[in-house]
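> Sequence:
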Amino acid sequence: MYKVEVVENVVGAKTKIESLAMEGFTKDDIYVFAHDKKRSEHITEGTGTESIGVKEQGMIESMGNLFKSRGDELRTKMKAVGMNQTEADTYEEELDKGKLVIVASKEARANNANPF
Numbered sequence: 001m002y003k004v005e006v007v008e009n010v011v012g013a014k015t016k017i018e019s020l021a022m023e024g025f026t027k028d029d030i031y032v033f034a035h036d037k038k039r040s041e042h043i044t045e046g047t048g049t050e051s052i053g054v055k056e057q058g059m060i061e062s063m064g065n066l067f068k069s070r071g072d073e074l075r076t077k078m079k080a081v082g083m084n085q086t087e088a089d090t091y092e093e094e095l096d097k098g099k100l101v102i103v104a105s106k107e108a109r110a111n112n113a114n115p116f
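With full-length UniProt numbering, the residue at position 57 of the sequence shown is 57, and numbering never jumps.
Hints may be right or wrong, so weigh each one.
As the list claims (entries may be wrong) - Think about it this way: if two alpha-carbon atoms lie no more than 16 Å apart in a straight line, the pair counts; the simulated EDC-like pairs of lysine to aspartate or glutamate are: (1) Lys37 x Glu87; (2) Lys27 x Glu107; (3) Lys97 x Asp36; (4) Lys97 x Glu107; (5) Lys97 x Glu8; (6) Lys14 x Glu41; (7) Lys97 x Glu5; (8) Lys16 x Glu5; (9) Lys27 x Glu5; (10) Lys79 x Glu107; (11) Lys99 x Asp89; (12) Lys16 x Asp28; (13) Lys37 x Asp96.
Derived from the structure by calculation, the hints contain no laboratory data.
Note that this is a predicted model, so its numbers are computed, not measured.
Make the full structure from the sequences, and use the hints.
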């Protein structure tokens, strides 16, 4: 099971991350998505949350991201934390609007799922 939150900015992200921590999610269970890669890296570093890498995504899928558009890459990473294609498409549209998508998923880490 996973939980998704959509926020406007970093302040909103920090508030939601704190709320998710109070619900029992660790920072290792929380992933922050942003359409801009640098913004995503900055927020992940600033909030101490996880990035989705080879461990979660698998080597082949991770290498495949090198040849995908940013939108395709983000949808692939969202599916790796448990979303289906329709959900990933919907939340990627929110990213297109400049919003941040926060996903909390204990299973992604426990199952070595396939995100960033």
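> So which hints don't hold here, by number, going up?
1 and 4
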